[in-house]
Amino acid sequence: EDQVTQSPEALRLQEGESSSLNCSYTVSGLRGLFWYRQDPGKGPEFLFTLYSAGEEKEKERLKATLTKKESFLHITAPKPEDSATYLCAVQETGANSKLTFGKGITLSVRP
Amino acid sequence: DVKVTQSSRYLVKRTGEKVFLECVQDMDHENMFWYRQDPGLGLRLIYFSYDVKMKEKGDIPEGYSVSREKKERFSLILESASTNQTSMYLCASSLGQGRSQHFGDGTRLSIL
Chain A
1 EDQVTQSPEA LRLQEGESSS LNCSYTVSGL RGLFWYRQDP GKGPEFLFTL YSAGEEKEKE
61 RLKATLTKKE SFLHITAPKP EDSATYLCAV QETGANSKLT FGKGITLSVR P
Chain B
112 DVKVTQSSRY LVKRTGEKVF LECVQDMDHE NMFWYRQDPG LGLRLIYFSY DVKMKEKGDI
172 PEGYSVSREK KERFSLILES ASTNQTSMYL CASSLGQGRS QHFGDGTRLS IL
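If you're matching them up, the sequences are chains A and B in order. Just so we're aligned, residue 1 is where the first sequence starts under the numbering used here, counting upward by one. Just so we're aligned, residue 112 is where the second sequence starts under the numbering used here, counting upward by one.
Hint data in this document are derived by calculation from the structure and do not stem from the laboratory. As the structure is a computational prediction, the values presented were derived from the model and not from experiment. Mixed in with the good hints there might be a few duds.
Said to hold, decoys possible - Derived pair list, reagent style DSS-like, types lysine-lysine, alpha-carbon separation capped at 27 Å:
{"#": "1", "chain 1": "B", "residue 1": "168", "chain 2": "A", "residue 2": "103"}
{"#": "2", "chain 1": "B", "residue 1": "114", "chain 2": "A", "residue 2": "59"}
{"#": "3", "chain 1": "A", "residue 1": "103", "chain 2": "B", "residue 2": "181"}
{"#": "4", "chain 1": "A", "residue 1": "42", "chain 2": "B", "residue 2": "124"}
{"#": "5", "chain 1": "B", "residue 1": "181", "chain 2": "A", "residue 2": "98"}
{"#": "6", "chain 1": "A", "residue 1": "103", "chain 2": "A", "residue 2": "42"}
{"#": "7", "chain 1": "B", "residue 1": "182", "chain 2": "A", "residue 2": "42"}
{"#": "8", "chain 1": "A", "residue 1": "63", "chain 2": "B", "residue 2": "114"}
{"#": "9", "chain 1": "A", "residue 1": "57", "chain 2": "B", "residue 2": "182"}
{"#": "10", "chain 1": "B", "residue 1": "124", "chain 2": "B", "residue 2": "166"}
{"#": "11", "chain 1": "B", "residue 1": "114", "chain 2": "B", "residue 2": "181"}
{"#": "12", "chain 1": "A", "residue 1": "98", "chain 2": "B", "residue 2": "114"}
{"#": "13", "chain 1": "B", "residue 1": "182", "chain 2": "A", "residue 2": "59"}
{"#": "14", "chain 1": "A", "residue 1": "98", "chain 2": "B", "residue 2": "164"}
{"#": "15", "chain 1": "B", "residue 1": "181", "chain 2": "A", "residue 2": "42"}
{"#": "16", "chain 1": "B", "residue 1": "129", "chain 2": "B", "residue 2": "182"}
{"#": "17", "chain 1": "B", "residue 1": "129", "chain 2": "A", "residue 2": "68"}
{"#": "18", "chain 1": "A", "residue 1": "79", "chain 2": "A", "residue 2": "103"}
{"#": "19", "chain 1": "A", "residue 1": "103", "chain 2": "B", "residue 2": "166"}
{"#": "20", "chain 1": "A", "residue 1": "57", "chain 2": "A", "residue 2": "42"}
{"#": "21", "chain 1": "A", "residue 1": "103", "chain 2": "B", "residue 2": "164"}
{"#": "22", "chain 1": "A", "residue 1": "42", "chain 2": "B", "residue 2": "166"}
{"#": "23", "chain 1": "B", "residue 1": "181", "chain 2": "B", "residue 2": "164"}
{"#": "24", "chain 1": "A", "residue 1": "42", "chain 2": "A", "residue 2": "98"}
{"#": "25", "chain 1": "A", "residue 1": "68", "chain 2": "A", "residue 2": "103"}
{"#": "26", "chain 1": "B", "residue 1": "114", "chain 2": "A", "residue 2": "42"}
{"#": "27", "chain 1": "B", "residue 1": "168", "chain 2": "A", "residue 2": "98"}
{"#": "28", "chain 1": "A", "residue 1": "42", "chain 2": "A", "residue 2": "59"}
{"#": "29", "chain 1": "A", "residue 1": "98", "chain 2": "B", "residue 2": "182"}
{"#": "30", "chain 1": "A", "residue 1": "103", "chain 2": "A", "residue 2": "59"}
Full structure from sequences and hints, please.
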């Protein structure tokens, strides 16, 4: 069973059409949950870290939230340049800095 | 900004060759990581290192080894390359537990 599950696998939005990406996780103790953006042919780029349920972080059109079982990445009024793959990863307590990644969500925003 | 540099963007090797992938970070990070990324499988951890000369196996270490002689440099070694090791290889570094990992741009390795 996967520890980190992201849904949907792919999402196509019209420019300006807000939506949310989901990351659900099953770990016994969460040290941190991380969101990354990855463009084709590039390495993942760090976006946010969330540490405890109820925490929220924002950056431009992106807002990440965390509950005890899942995280959401909300995208408000997306633009075509937001098109990318969004990765979620968790670090368990006692995991010695290891991250477990989900398979990612490919977002396409049409003009 | 943290910079993680991987020595090659693209590499083509033959089966049976010994292959070295190099990674350097410039932020004095304690931890360094090697992943491979394959379609439908996501990012999978091969090896990581939490100090110079210290290493630990990740989820898929078979067929690989690593070397960390200096804090800033972490090398991935394919002892005898095989076609199923064709993949995108990503290096990352981090300050420590609970801190984000910062990635290089990857090496796309093809084994023929």
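Checked hints:
Of the supplied pair hints, the one linking residue 168/B and residue 103/A holds, its CA atoms being roughly 21 Å apart against a limit of 27 Å. Among the hinted pairs, residue 114/B with residue 59/A is consistent with the structure: their alpha-carbon atoms are about 21 Å apart, no more than 27 Å. Proximity of residue 103/A to residue 181/B is assessed by CA-CA distance (about 32 Å); at most 27 Å being required, the pair is judged violated. Simply put, residue 42/A and residue 124/B have alpha-carbon atoms about 21 Å apart, close enough for the 27 Å limit, and the pair holds.
Using a Cα cut-off of 27 Å, the hinted pair residue 181/B and residue 98/A holds, with the two alpha carbons roughly 21 Å apart. Pair hint residue 103/A plus residue 42/A holds up; C-alpha atoms about 16 Å apart against a cutoff of 27 Å. For the proposed pair residue 182/B and residue 42/A, the alpha carbon gap of about 24 Å is at most 27 Å, so the pair holds. Proposed proximity of residue 63/A and residue 114/B is supported: the alpha carbons are some 25 Å apart, at most 27 Å.
Of the pairs offered as hints, the one joining residue 57/A and residue 182/B is violated, with about 32 Å between alpha carbons and a cut-off of 27 Å exceeded. Note on residue 124/B and residue 166/B: the hinted pairing holds, with a Cα-Cα distance of about 26 Å set against a maximum of 27 Å. Of the pairs offered as hints, the one joining residue 114/B and residue 181/B holds, with about 16 Å between alpha carbons and a cut-off of 27 Å not exceeded. Using a Cα cut-off of 27 Å, the hinted pair residue 98/A and residue 114/B holds, with the two alpha carbons roughly 20 Å apart.
At roughly 32 Å between alpha-carbon atoms, residue 182/B and residue 59/A are farther apart than 27 Å, so this suggested pair is violated. For the given pair, residue 98/A sits about 18 Å from residue 164/B by alpha-carbon distance, which is consistent with the 27 Å threshold. About 26 Å separates the Cα atoms of residue 181/B and residue 42/A, which keeps this hinted pair within 27 Å; it holds. Distance check on the hinted pair: residue 129/B and residue 182/B sit about 23 Å apart at the alpha-carbon level, within 27 Å; holds.
Restraint check for residue 129/B and residue 68/A: the C-alpha separation of about 45 Å exceeds 27 Å, so the hint is violated. Distance hint between residue 79/A and residue 103/A is fulfilled; the C-alpha atoms sit about 23 Å from each other, no more than 27 Å. The straight-line distance between the Cα atoms of residue 103/A and residue 166/B is roughly 25 Å, inside the 27 Å bound, and the hint therefore holds. Straight-line distance between C-alpha atoms of residue 57/A and residue 42/A comes to about 24 Å, which keeps the hinted pair within the 27 Å bound.
Of the supplied pair hints, the one linking residue 103/A and residue 164/B is violated, its CA atoms being roughly 31 Å apart against a limit of 27 Å. A hinted pair counts as satisfied when its Cα atoms are at most 27 Å apart, and residue 42/A with residue 166/B qualifies at roughly 26 Å. In summary, the hint linking residue 181/B to residue 164/B is supported, as the alpha carbons are separated by about 8 Å, within the 27 Å threshold. The hinted pair formed by residue 42/A and residue 98/A meets the criterion: a straight-line CA distance of about 21 Å does not exceed 27 Å.
Distance restraint check for residue 68/A and residue 103/A: the Cα-Cα separation of roughly 20 Å lies within the 27 Å cut-off, and the hinted pair is therefore satisfied. The suggested pairing of residue 114/B with residue 42/A holds, with an alpha-carbon distance near 13 Å, which does not exceed 27 Å. Our distance criterion of 27 Å between C-alpha atoms is met by residue 168/B and residue 98/A, whose separation comes to about 11 Å. Straight-line distance between C-alpha atoms of residue 42/A and residue 59/A comes to about 21 Å, which keeps the hinted pair within the 27 Å bound.
About 18 Å separates the Cα atoms of residue 98/A and residue 182/B, which keeps this hinted pair within 27 Å; it holds. As the CA atoms of residue 103/A and residue 59/A are separated by approximately 23 Å, the hinted pair is consistent with the 27 Å bound.
When the structure is compared with the earlier hints, violations turn up for hints 3, 9, 13, 17, 21 and for no others.
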